[in-house]
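Asker: Take the sequences, apply the hints, and build the full model.
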Amino acid sequence: MVRASVAAERAGLRSVSVVASYFVRQAQATARALGAENLAVAEYPGVPMTDSEEELQRKVKEVLLNNVIEGLTTSAADSAKPVEPGMRDIVFKGTLKEVHEFFVKNLWTDGLPIIPPTIEEVERFLAFTDRSPDEVVGVLPPENRQATIWNIAVNGVMAGCRPEYMPILVPIVEAIADPEFRLEDAGSTPGWEPLLILNGPIIKELDFNYGCGVMRVGRQANTSLGRFLRLYMRNVAGLRIPPGDTDKGSIAYTFNVALAENEDAVAEIGWQPFSVDRGFKRGENVVTVQSVMSISGPCYSGGHTALDHLETLAELIGRRSMTYWAAHSIVEGRSHPLFLLSPSVAGVLARDGWTKDAIREYLYDNVKAPAGFLEKLRRQSGKTSFSFCSWVERGLLPREYCESTDPERMIHVFLRPEWIGIVVSGDPGRNQSKGYVQNQKQGPPISKRIALPASWQ
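Residue numbers 4 to 460, in our numbering, belong to the letters of the sequence shown in order.
If you are wondering where the hints come from, they were derived from the structure by calculation, not from laboratory data.
Check each hint, because a few of them may be wrong.
Beta-carbon label-pair distances, calculated as ranges [stated by the list, open to error]: (1) GLY306 with CYS215: 18 to 26 Å; (2) ARG419 with VAL395: 16 to 24 Å; (3) THR121 with GLU421: 45 to 53 Å; (4) ASN147 with GLU126: 22 to 30 Å.
Note that beta-carbon positions come from the ideal geometry of N, C-alpha and C, so glycine has one too.
Answerer: Here it is as structure tokens:
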């Protein structure tokens, strides 16, 4: 709504954005980020999706209409923008506790204790890159702040990273700065989190966990990289939960630790690592960043044939965990679900002659859901009149989504088999897998090569 209003204003048309109560501050922050500081907003009081039709009509007549008129006829006062510190400015001096309290007060931390980013500590990180400290990697919405090599190092220090992680931190930021990643939507209500996937010799060189407890907080490399990305999105991109006003994740969850693939296990069973699926050569150091909206429960599959496991993966991860968001993915035309397989499960599949592509085709063909059920879920999330057939009639979806009007007709949950990601990691002594639901076209996988400095050895 706000983006459409900004476009109208730039075209010379007066506008007002209709926004529910709990989105007003986010709408104002989005407008500021788009350079429209005083964009008019008309508040709808409450939560329209839980109001009855009668209550909705009453609020529109008695409250919203007046707010729309006021927004169209009243000019808002200009507000001064805060001045931000320079690259090497000393912003505070004090004890460790005092520094922490100062950062909390200024909303510069995730609430956990931070390592104070002194110039000396920042320069230790800069020693692990050949790039200039003032180089601009990109401009990050919603606050349109420059991402630089310097502030990457600053947030790396704060997050508890080691200086030698710096070659990974830079491509992480390059990934989220890629317009394809759509960082501007990272504050949306689903509350999705980015996930880092790591490949290459650097996994062992820097002691990343790729075995038991791979996704548990506890190993410095995995944990601090995950924290760095969330901290960077907060401090530089400007995505902050209340008392900030740019992150509207309704419930959301905390950061993911970095997922390192077990490339020894991948090689042993004859598969290629995830990075090769992403278009890189085996043996290259690569980091991939993608959004994750939800994670399935642990999926235990048993048996000595591939189908023993695939049937369980399709049912527990595919149909039960990934179905909810299928209608949204179909409408947006993008979805990149991720299957994380333990080495033992992947070993059975490979031993039975199944390639990754064959597994993807199986999951695509066998994970389906009733059209009526998907339409209901889509309507409950906000698209109140949605149906697949209406979108097909308008030319917005292919004919396959309306081959009949039977609400029980089955529709693919996954859009394309080649978009299904497969990573091998976790406890090699247990037959467990998990699924990661990606948030449609927001935060699709972006992979970047990790460039090591000339002095790395």
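Asker: Confirm or reject each hint.
Answerer: Hint-by-hint comparison with the structure:
| no. | hint | verdict |
| --- | --- | --- |
| 1 | GLY306 with CYS215: 18 to 26 Å | 22 Å, holds |
| 2 | ARG419 with VAL395: 16 to 24 Å | 18 Å, holds |
| 3 | THR121 with GLU421: 45 to 53 Å | 47 Å, holds |
| 4 | ASN147 with GLU126: 22 to 30 Å | 27 Å, holds |
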